[in-house]
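Colleague: If you want the building blocks of each chain, they are given just below.
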Amino acid sequence: MTAAAADFRASAAAALADPQIRANFRRAMDGLMAKRAALFPDPAEWQALRALGAAIRARSLANLPELLERLEERCRANGIAVHWAETVADANAAVLSILRAHGATRVVKGKSMVSEEMHLNDFLEAHGVESLESDLGEYIVQLDQETPSHIIMPAIHKNGRQIARLFGEKIRGAQYTEDVDALTGMARRVLRRKFEEAGAGLSGVNFAVAETGTLVLIENEGNGRMSTHVPPVHVALMGIEKVVERLEDVPPLLALLCRSATGQTITTYTNLVSGPRGPGEKDGPREVHLVILDNGRSRIYLDPELRATLRCIRCGACMNHCPVYTRVGGHAYAAVYPGPIGKILTPQVEGLKARHELPHASSLCGACVEICPVEIPITEILIRLRGEASHPAPGSTVREAGEVRNPWEDLAWALWRRVHASSRAYRLVTRVLTRLRRLPAPRLGPLRAWTAARTTPRPAPRTLHELARDRGVRDA
Amino acid sequence: MSHAVYFYGTCLVDLFYPEAGMAGIELLRREGLEVVFPQGQTCCGQPAFNSGYAAAARAVARAQVALFPEPWPVIVPSGSCAAMMRRHYPELFAGEDDLPAVEALAGRVHELTEYLVRELGVRLADRGQPVRVTWHASCHALRELGIREEPKALLAQLANVELVGLARERECCGFGGTFAVRFPEISAAMVADKAADVAATGAVELLAADCGCLLNIGGKLAKTGSVVRPRHIAEFLWERTAPPGGASSAAPLEAAAGTAAGVPPPRTGDP
Chain A
1 MTAAAADFRA SAAAALADPQ IRANFRRAMD GLMAKRAALF PDPAEWQALR ALGAAIRARS
61 LANLPELLER LEERCRANGI AVHWAETVAD ANAAVLSILR AHGATRVVKG KSMVSEEMHL
121 NDFLEAHGVE SLESDLGEYI VQLDQETPSH IIMPAIHKNG RQIARLFGEK IRGAQYTEDV
181 DALTGMARRV LRRKFEEAGA GLSGVNFAVA ETGTLVLIEN EGNGRMSTHV PPVHVALMGI
241 EKVVERLEDV PPLLALLCRS ATGQTITTYT NLVSGPRGPG EKDGPREVHL VILDNGRSRI
301 YLDPELRATL RCIRCGACMN HCPVYTRVGG HAYAAVYPGP IGKILTPQVE GLKARHELPH
361 ASSLCGACVE ICPVEIPITE ILIRLRGEAS HPAPGSTVRE AGEVRNPWED LAWALWRRVH
421 ASSRAYRLVT RVLTRLRRLP APRLGPLRAW TAARTTPRPA PRTLHELARD RGVRDA
Chain B
1 MSHAVYFYGT CLVDLFYPEA GMAGIELLRR EGLEVVFPQG QTCCGQPAFN SGYAAAARAV
61 ARAQVALFPE PWPVIVPSGS CAAMMRRHYP ELFAGEDDLP AVEALAGRVH ELTEYLVREL
121 GVRLADRGQP VRVTWHASCH ALRELGIREE PKALLAQLAN VELVGLARER ECCGFGGTFA
181 VRFPEISAAM VADKAADVAA TGAVELLAAD CGCLLNIGGK LAKTGSVVRP RHIAEFLWER
241 TAPPGGASSA APLEAAAGTA AGVPPPRTGD P
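Here the protein sequences line up with chains A and B, keeping their order.
Quick note: the first sequence uses the working numbering, first residue 1, plus one each step.
Quick note: the second sequence uses the working numbering, first residue 1, plus one each step.
No wet-lab data here; the hints were simulated from the structure.
Note that CB positions come from ideal geometry on N, CA and C, so glycine has one too.
A hint or two may mislead.
Covered stretches of chain A, as calculated for chain B (at least 3 residues, CB under 8 Å) [unchecked claim]:
| hint | segment |
| --- | --- |
| 1 | 377-389 |
| 2 | 447-458 |
A few chain B positions that, by computed beta-carbon distances, are all more than 10 Å from chain A [stated by the list, open to error]:
| hint | residue |
| --- | --- |
| 3 | E34 |
| 4 | E96 |
| 5 | D97 |
| 6 | G128 |
| 7 | K152 |
| 8 | A196 |
In silico DMTMM-like pairs for lysine to aspartate or glutamate, Cα to Cα no more than 20 Å straight-line [as the list claims (entries may be wrong)]:
| hint | chain 1 | residue 1 | chain 2 | residue 2 |
| --- | --- | --- | --- | --- |
| 9 | B | K152 | B | E169 |
| 10 | B | K152 | B | E162 |
| 11 | A | K282 | A | E197 |
| 12 | A | K35 | B | E169 |
| 13 | A | K35 | B | E171 |
| 14 | A | K353 | A | D410 |
Chain A on its own, in the form it takes in the complex (with noise of 0.2 Å):
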């Protein structure tokens, strides 16, 4: 990631600027808010259901390395060959090879995340293999050359009249039509002729099932099954947090996930894959590999508390509520994951030096806390995450932690504590703002950011101490 790329700041600036971007993620989140609610009508009914969610994937990460061990054993006896990859350079070379001992030079891909984490398509691109996204989505994205606005919903940012141009300008022979049924028609007929002429086809996975070594695959397009199927080889990719211990731990994280992900009680296919065409079946790919990847995630597994960051089902509901995501959209981020998942998880992948200013970007307003499936304590997280930047918890595993100092910040904390851990101190300052009736700098720093958009804040011309004082409110 450029330094260029990581700066927030700017990114959401301009953003902001776009009334386009802010109409069109707010009336998607809007949308996607109320079709979950209608799923989750009873209050019960989800704490229960989310308590016992959060349990599983509590339970899957305590138990992790001899989870994994597990899965690959399970996996191999399968049939399904297992890859371990601790960077995405790891990951892109085991998926490169793959395909070279298969001659495949053409590969669709279902959807993935990890994928995205790996920048697998330039990757394969650079190496003179073909890689098409089929799920629509994704299509659209990488047709006009973006990333995913949204880990579920990858081109939300784009609204259908944006579709219909793009599709105009890129697709070979298309005419122009703003027709939601018709643009879709046209993906559909470049990408049937693609799954067939495919090598191999790539896939994420949602769960992997450590008792029976069962990769879950949840979508609604059916391209996840075309991917995984039609093509002679199969390769999925996940990252090592998505093992669970025991298929019957499925069923509920799949109800979570598609309520909170689309509103949708299950997904219109469930794909189980545990293992290769076997000896009499008509079809299925001759070879499953799995690619496990880590990238950072065993040193998030160190931490007790940061943890809780593995539970996550990548459901992006906590995308759909958050008050700035919704205003900033998916891009300003300038990371795989947005949002406040991405918040935590970026800036813990990648490193506290580029990316501290993410974890600040939060009004700490909880609603993402309050819809998380996996009850992830993200803004207790996030608060953990601003204080390792500069003066990290003593054994601290975050990556980069403590490298982000900034001695005016630093100083401003210490008069700050000095005032207020004094209450003769803090009494003293308090009249003199009081008897002045304003306060001290109105035109620098953070008193400057606020009055852009307020007024400035006027201090009372008493304290709540003298008035309590004078109309004879006992002291302690």
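We have chain A already, so just place chain B on it with the hints.
Modeller: Only chain B this time, still in chain A's reference frame:
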């Protein structure tokens, strides 16, 4: 003493909305409580805590904890500060020697409207003129303390008050403490939407129970020339229900004219 409570005013009330604090004290006194206001209080420590300066927050919080030795309830006219004390003090003092004292305090912290409704079951009689108001539900009261209906239940007792809800009552106003000055553009976009939502209700007063939100939304309303008056709910309730003269019967006061009730809130004005 029949029954005593502590009042923790908070730094924003102290400096910007002291009449809201006094109104809160009067509402409690009218219920027959003796209110104790420790003069040593300053700030709950939330600004530093939220900014990641835990040590500074702890030093300030520790000075507050010492002010409430008796096992009385501590009433706070702010959901955000009450949540800091009830929910976050125990985290902040994890592993510290004084954790037991901190936990004991945290367990008896109450937000004002919550205490008036749940613990005291106050009955209010409206003495005011008909008025249309709207209500901003602050995030920390809502999500960290679970206070949803209590403030509205108090307003519903006032016969001449028409409460018109915001279209997005549960959406953050964009204050967020240091967030508002670290990311002024995003915060400004949020408060602009909130101010527009307030204006669309046709209310003449915007009520809230958190002074950070009031400073933010009120400052935006004033900047746009709106006549909507931002007020803390305690001040509004007391003004409309206070006996003539302003002071509560439980604790007769000298009550300098014009200071107890009906005084305009702190004005904001551009320099």
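Colleague: Does each hint hold? Answer for all of them.
Modeller: Each hint tested on the structure:
1. 377-389: That given contact holds, which follows from 8 residues of the segment 377-389 of chain A lying within Cβ reach (below 8 Å) of chain B.
2. 447-458: holds (count 11)
3. E34: 7 Å, violated
4. E96: 14 Å, holds
5. D97: 17 Å, holds
6. G128: 22 Å, holds
7. K152: 18 Å, holds
8. A196: 13 Å, holds
9. K152(B) to E169(B): Holds: K152(B) and E169(B) sit about 12 Å apart, inside 20 Å.
10. K152(B) to E162(B): Satisfied, since the Cα-Cα distance of roughly 11 Å is no more than 20 Å.
11. K282(A) to E197(A): 18 Å, holds
12. K35(A) to E169(B): 18 Å, holds
13. K35(A) to E171(B): 17 Å, holds
14. K353(A) to D410(A): Satisfied, since the Cα-Cα distance of roughly 17 Å is no more than 20 Å.
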